[in-house]
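Q: Protein sequences appear in the order of chains A and B.
Residues in the first sequence are numbered from 1 upward in steps of one, following the numbering used here.
Residues in the second sequence are numbered from 1 upward in steps of one, following the numbering used here.
In short, the hints are calculated from the structure, not lab data.
Certain hints may be false.
Same chains, same label: a pair holds when it works inside one copy or across any pair of copies.
Said to hold, decoys possible - Quick list of in silico lysine to aspartate or glutamate cross-link-like pairs, DMTMM-like style, CA-CA up to 20 Å:
hint, residue 1, residue 2
1, Lys570, Asp279
2, Lys16, Glu163
3, Lys516, Glu13
4, Lys428, Asp549
5, Lys241, Asp459
6, Lys570, Asp459
7, Lys571, Asp279
8, Lys531, Glu163
9, Lys18, Glu546
10, Lys493, Glu557
11, Lys531, Glu514
12, Lys16, Glu513
13, Lys392, Asp98
14, Lys606, Asp459
What you are looking at is a predicted structure, and each value in this text was computed from that prediction instead of being measured.
There are 2 protein chains.
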Amino acid sequence: MSLKSIIIGRPIETAKEKQERLPKFLGLPVFASDALSSVAYGPEEVFFALILGGVALLHFTVPVAIAIALLVAIVATSYFQTIHAYPAGGGAYIVAKDNLGTYPGLVAGAALLIDYVLTVAVSISSGIAAITSAFPHLYGHRVLLCVLAIVFIMVINLRGVRESGRLFAFPVYLFIFCMYVVVLYGLFKFFYSPESHAQVHVAVQASAGALPLFLLLRAFASGCATLTGIEAVSNGVRAFKPPEARNAGITLSWMAIILGSLCVGLTYVAYHFHAMPRDNETILSQTARTLFGAGPFYYIIQFSTSLILVLAANTSFTGFPFLASIMASDRFLPRQMSNLGDRLVFTNGIIALGVLASILVIIFRGDTHLLIPLYALGVFLAFTLSQTGMVKHWLARRGRKGWLRSIIINGIGAFTTAIVLAVIIITKFPHGAWIVVIAIPAVVFISTRINHHYRMVADQLILPVYFHETEFQHHSVVVPISGVQNAVLNALKYAKALSSDVVAVYVSLNPGEEAKIRQEWEHFGMGVPLKVLDSPFRSITRPLIEYIDQVKAQNPEGIITVLLPEFVPKKWWQNLLHNQTAFIIRGLLHFKPGVVIISVPLHLQK
Amino acid sequence: MSLKSIIIGRPIETAKEKQERLPKFLGLPVFASDALSSVAYGPEEVFFALILGGVALLHFTVPVAIAIALLVAIVATSYFQTIHAYPAGGGAYIVAKDNLGTYPGLVAGAALLIDYVLTVAVSISSGIAAITSAFPHLYGHRVLLCVLAIVFIMVINLRGVRESGRLFAFPVYLFIFCMYVVVLYGLFKFFYSPESHAQVHVAVQASAGALPLFLLLRAFASGCATLTGIEAVSNGVRAFKPPEARNAGITLSWMAIILGSLCVGLTYVAYHFHAMPRDNETILSQTARTLFGAGPFYYIIQFSTSLILVLAANTSFTGFPFLASIMASDRFLPRQMSNLGDRLVFTNGIIALGVLASILVIIFRGDTHLLIPLYALGVFLAFTLSQTGMVKHWLARRGRKGWLRSIIINGIGAFTTAIVLAVIIITKFPHGAWIVVIAIPAVVFISTRINHHYRMVADQLILPVYFHETEFQHHSVVVPISGVQNAVLNALKYAKALSSDVVAVYVSLNPGEEAKIRQEWEHFGMGVPLKVLDSPFRSITRPLIEYIDQVKAQNPEGIITVLLPEFVPKKWWQNLLHNQTAFIIRGLLHFKPGVVIISVPLHLQK
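So here's chain A without its partners, still in its complex pose (with noise of 0.2 Å):
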């Protein structure tokens, strides 16, 4: 009990529960790490894409870049309308469901929350791989490293919400500065240092002839990477305080604006300063060198832009455990999921999340390169069902202020996604991506069997089916002993007080034994029959629970208590160097119906 408050905290009471909620400018932090981080190699991405082409195609990353600012645009509209309508959080779990139906609500909740541990595995791994990229010899110890990162930030958050958000709140504030300094600055050195024009045009004009709209549109569907996380907010609105929704929203809101802004203003300035697609330098890496050397403020950049890679685990920590717990409370995760721990967070969520990933890096071994084509199916996954949901949820509100407007948005965003998620399909299902085309499935198949579970023991617990206040028709109580001593006596006296029926039992193992135990018996039984069963094969349970069956088998609509004594060593290990009979004998009998078992424990003092 000790050790848990020191790890993660004295428990918060559950009236305070509001007071532990985020404030607007720590629930950026939370929410938009995973989304900034990708603002890290997003526009790299349709570098990347574009120069297949030939350099001349890298006169498009602007407008690309643009087209994915609209893309944030639209997407972040389409969730703030989700937040609104649905406060309680889910996002596009509950969007999907509420307009979709149960299956494309279970996919997209099971693509979010297999993309919620990729997020962890593949940003904890990047991070770790940056430092093992700068002190070589801890390089054997990557995986012990990932899992202990992994673990850093799973208490961090199972101390509490406000507590993450308190720790993680100033490198990320911290990277939104330095990307926008880099914007900043880059654009005023753009204007007034305009001979850096000439050398892009004429390469541009050189090849504008040939357009391969096939090379934009991967392009664009790389880039697109920069969306991931966008979705995280939406599932965690109760993580705000009230009010929910608008506090959601205007966050959600902030986050769109500076992942769109940042999306063209670093790829414009990178493309004026001439960054080059290259293996061992990154666009931004490139970008921030040309415009401030390598100085302290070049250094500061690469720093927070390594801890927001990693950082991107933390809004996972917040996303996944929310978005668990409500699919838990409408039954299709188990219900331990929904479970408010000590420090008022989804503790269970939590923990869960924190093995899934630990395990992914273990399997790995912290070369999470190979998940990376996974990572972001299950996001344009979930963003068109959601879309889609929304399109409906209009269609189904026609008429209503907006409603056209709204409809013609997510319907863009619907098809815009569906038609990124094709490419991410294509193009990256012979690398990995089947994996998840394998996995959602298979977690929705779970879902919905643990469903069926809860429903059957509901419809099986619900009060007018099986109860018929009667008394009991005939009550045996059986009492196993092992000898005659304390704890057997003392167990005798309490079945005594059950029933008139009570008969006590003793397995012998060898055939002598019987008459010393009778005589015995004659003097200390209380006038109990005594049953001696042989056991030939020397178990002792199997011949009592014949024995049970026996009983049962005589009074079949009466009930058998089965009454174990039992004696408790001073200290636990000291049960070691006893048989444990009582212990399987009560493990056997709990899956035998009609039996009541009884446990009178002797408390020894020494």
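Based on the hints, put chain B in the right spot on chain A.
A: Here is chain B on its own, set in the frame of chain A:
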């Protein structure tokens, strides 16, 4: 159940116990393989020790071998007497305990137990080392191979002592046959081709002047490794068919005769055919090659020698469980050690030995060279204690037939083995023997703590101490409920039959719930009062335990029954989908004195 029968066979009735015992011709291979395996390295040790004083000293190999054979005879005689004096088995442990006191007995027992574990680890590792020398690509898997070999011998022994006897009899008899062929053919060849004498005589005469006594003593002590394993029969007397003592004694005599004659015979032949201690070929291999050339018979000898080295482990798998069961019957080891398993062997002892030896092999990465110095210490400690014990035994029986002769024999035995023990401790202490010197007292200490615990328990369970056949002062029944449903009402019916003081307790996590549950209770609660406990920190168990403590405080003399309504899902994995609160409560209450726990399970049908 079925898997267990496939692996270790169907259970055997207790009544058939005597039929499952070993006849002498199977007892010899089971108990002799450890002792016989020392023939493969005992004489070798003598050669290595003597060559330190120059080639001339090899002249003393045969006299030293004769001295060792005499010691074999003395020790065997002593154990022969022990077997007849203590036909229930237990060997050195029983002799020392009975005649010298508990602590010397425990020291002997601990020394032998440790030695059995070491024997398994060392013999299996050396066997696997022979295999990996032949197939070097298996070297990387040596630890796994060692563990598999241990598991194999363990499973054979779990199948019953006859099974291990039958399976391993052939290789043991093959080895004995091969060794006698070497000795007899060697003697025959030697006496019919006397030209081989000359050279040796010359060498001896050249340095006969100096006789370094210390070297001779050390050679003797080293050669005493031949005696390891000789004590096993005395521990497992009860593994023999009746008359147990007679059969065990005869087997021991055969074993001693074979051991002594082979020791002298092999040394004699090896010496006279000029075998020299070498690092890359054993004395035995040199002798066999000289006699038979590198033909098929030579390879059969080599093969059966490697096999006997591995089978030395098999003796431990009989010795250890028997000794452990005897010590457990005396309450110096966990009582589970004396449980007879399905196949009438001491299953837990066999498994314990397998696990301990595997741990050693894993820790030492299959390279148990380091363990060899630890090896003989325990055995000679046990020899010394048992011989000393026998001296006291005969002193107490002064005047009986042969008492003086016995005292002289055992006295010489005790004196000699004590000297060997001292030599081993002095020469091998820095090479690791100190581990055993620490381990033995540690095992002794644990044994006495175990014994203390059992005595404490027995004191408290013995009848007249606590027992008063009176009625309970007051019987309070507490029924924790999770809602108003079938499983709860089922339990409530039972509770009402127990006592008139029944209280249902509901732990409320949300302030709003109380009114709703009270309303339902009004209708279904059978008139039982309902107590709603608030839980500001969302713990189910804490408020409940506090409430139970309150109830206890109100009736300190009374008894409290906590009745847990449970439902049992149809499939075990479905338990993962429920909170297991009942299970946790049961676990917590188990350690609370004066509380009886009742499980009233409702078994779900689907």
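Q: Decide, hint by hint, whether the structure agrees.
A: Here is how each hint holds up against the structure:
1. In this homomeric assembly, Lys570 and Asp279 never come within 20 Å of each other (Cα to Cα): the closest approach is 65 Å inside a single copy and 57 Å across copies.
2. Proximity of Lys16 to Glu163 under the C-alpha cut-off of 20 Å is restricted to the intra-copy arrangement: shortest distance 15 Å within a copy versus 69 Å between copies.
3. Proximity of Lys516 to Glu13 under the C-alpha cut-off of 20 Å is found in neither arrangement, the shortest distances being 60 Å within a copy and 22 Å between copies.
4. Taking identical chains as interchangeable, the C-alpha atoms of Lys428 and Asp549 are never at most 20 Å apart, the minima being 60 Å within one chain and 62 Å between chains.
5. In this homomeric assembly, Lys241 and Asp459 never come within 20 Å of each other (Cα to Cα): the closest approach is 37 Å inside a single copy and 62 Å across copies.
6. In this homomeric assembly, Lys570 and Asp459 come within 20 Å of each other (Cα to Cα) only across copies, at 14 Å, whereas the closest approach inside a single copy is 43 Å.
7. With identical chains, the CA atoms of Lys571 and Asp279 are never at most 20 Å apart, being 62 Å at best within one copy and 54 Å at best between copies.
8. Within a single copy, Lys531 and Glu163 get their C-alpha atoms no closer than 63 Å, and across copies no closer than 36 Å, so neither meets the 20 Å cut-off.
9. For the homomeric pair Lys18 and Glu546, neither the shortest alpha-carbon distance inside one copy (57 Å) nor that between copies (27 Å) is at most 20 Å.
10. For a Cα distance limit of 20 Å, the shortest separation of Lys493 from Glu557 across copies, 15 Å, qualifies, whereas the shortest one inside one copy, 26 Å, does not.
11. In this assembly of identical chains, the alpha carbons of Lys531 and Glu514 lie at most 20 Å apart only when taken from the same copy (10 Å versus 49 Å across copies).
12. When the C-alpha separation of Lys16 and Glu513 is checked against a cutoff of 20 Å, the pair qualifies only between copies, where the shortest distance is 18 Å, while the shortest distance within a copy is 64 Å.
13. Proximity of Lys392 and Asp98 under a CA criterion of 20 Å is satisfied intra-copy only: 10 Å inside one chain copy versus 91 Å between copies.
14. In the homo-oligomer, the alpha carbons of Lys606 and Asp459 lie at most 20 Å apart only across protomers (10 Å), although the nearest pairing inside one protomer, at 48 Å, exceeds that limit.
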